[in-house]
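Trainee: So the sequence lines, in the order shown, correspond to chains Y and P. For the first sequence, the working numbering gives the first residue as 8, with consecutive numbering after it. For the second sequence, the working numbering gives the first residue as 208, with consecutive numbering after it.
Take the hints with a grain of salt, since some may be wrong.
One-sided and incomplete, this derived list gives chain P residues near chain Y with beta-carbon spacing under 7 Å [stated by the list, open to error]:
| # | residue |
| --- | --- |
| 1 | Phe253 |
| 2 | Ile257 |
| 3 | Phe258 |
| 4 | Val270 |
| 5 | Lys278 |
| 6 | Phe279 |
| 7 | Asn293 |
| 8 | Leu315 |
Residues of chain Y placed beyond 12 Å of chain P at every Cβ, according to the derived structure [said to hold, decoys possible]:
| # | residue |
| --- | --- |
| 9 | Ser32 |
| 10 | Leu47 |
| 11 | Gln65 |
| 12 | Glu128 |
| 13 | Val164 |
| 14 | Thr205 |
Don't read these hints as lab results, they were simulated from the structure. Even for Gly, the Cβ is constructed at its ideal location relative to N, Cα and C.
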Amino acid sequence: MTDTATADAVPGRAGHGETSATGISNEKLGMWVFLASDCLLFGGLISTYLLLRHRSVQGLGPEDVFDIPFTSVSSFVLLMSSLTMALAVASIARGDVRRNRAWLATTAMLGAVFIGGQVYEFTTFYREGLGYTTNIFGSAFYTLTGFHGVHVSVGIVMLMSLLVMSLRGNLGPDRAESVEIVGLYWHFVDIVWIVIFTVVYLIP
Amino acid sequence: MTTTMEGPDVDHVETADHVEHPSDLKYVKIALFLVALTALEVATYFWEDIFGSAPSTGALVAVLFPMMVIKFGTVILYFMHLRYDNPLFKRVFLFGLVLAVIVFLVALTAFEFWDDQYLKFLRRD
Numbered sequence: 008m009t010d011t012a013t014a015d016a017v018p019g020r021a022g023h024g025e026t027s028a029t030g031i032s033n034e035k036l037g038m039w040v041f042l043a044s045d046c047l048l049f050g051g052l053i054s055t056y057l058l059l060r061h062r063s064v065q066g067l068g069p070e071d072v073f074d075i076p077f078t079s080v081s082s083f084v085l086l087m088s089s090l091t092m093a094l095a096v097a098s099i100a101r102g103d104v105r106r107n108r109a110w111l112a113t114t115a116m117l118g119a120v121f122i123g124g125q126v127y128e129f130t131t132f133y134r135e136g137l138g139y140t141t142n143i144f145g146s147a148f149y150t151l152t153g154f155h156g157v158h159v160s161v162g163i164v165m166l167m168s169l170l171v172m173s174l175r176g177n178l179g180p181d182r183a184e185s186v187e188i189v190g191l192y193w194h195f196v197d198i199v200w201i202v203i204f205t206v207v208y209l210i211p
Numbered sequence: 208m209t210t211t212m213e214g215p216d217v218d219h220v221e222t223a224d225h226v227e228h229p230s231d232l233k234y235v236k237i238a239l240f241l242v243a244l245t246a247l248e249v250a251t252y253f254w255e256d257i258f259g260s261a262p263s264t265g266a267l268v269a270v271l272f273p274m275m276v277i278k279f280g281t282v283i284l285y286f287m288h289l290r291y292d293n294p295l296f297k298r299v300f301l302f303g304l305v306l307a308v309i310v311f312l313v314a315l316t317a318f319e320f321w322d323d324q325y326l327k328f329l330r331r332d
């Protein structure tokens, strides 16, 4: 059993059995604060897209390029990655390191599939005549979805880092919180896509 | 020391931090629920094929927005554990989210995003 009230406890720092002034993990709180700030980023990008999408005077518009069935498959893939991430967090919390590795790898792979879908979509749009500077709709669309794609890519890097740590034996049940924090980021990326898919793709 | 209670019928698992989290089975059920909602959302793309006429933007918004909000809330509450964790996390995230929505709505209003028909109740004529 871990004694949380020890002489080595660092005031203001929790997690891994240590105490903090708030009684909760500073790392986890820091991630939640970051996610709250990221809401403002994506809120600005989404509102800018909504304002600009039908204000192009030339070039292609959303109705000309969007492939809803294809994007629906991408959405499903990202949704499933959220499930596998939740399973990864649950498995490390109960000490199942092998299953944790499998779920982390699966989540990263699904994220990579999603990014592949985004790259395919972007290149298809470009070939059809919608570039970043073609018109204002193109600029707004690529900026919004590009920022989301970058967030997903960063998430994949974090997942791979966790996987490498686990393979080296440095990610045991005592570090379950690290997996949970990465999980929070990954789920946030998914909920942003839930909004983007509805607002950008489904509502004309 | 990790204390766990797990079995096929147990909905929650108690972990080392003594916070209850959903079991794997419950996560799968939640995911299936989200998939079903997503399928319904995608089905609106085929609205014209089903009902014979194209949907109005208002109708689409009325159908899609609640589903989007439910999916959003479900992932936050269950996958992100906000339902089971310290209330401070909920307050921090909600503060950012509400602030973003307010700023988002103010920006749209400032740039005359809304169609006149939504604002005619504000006009005197």
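Trainee: Report the numbers of all earlier hints that the structure fails to satisfy, in ascending order.
Mentor: 1, 2, 3, 4, 9, 10, 14
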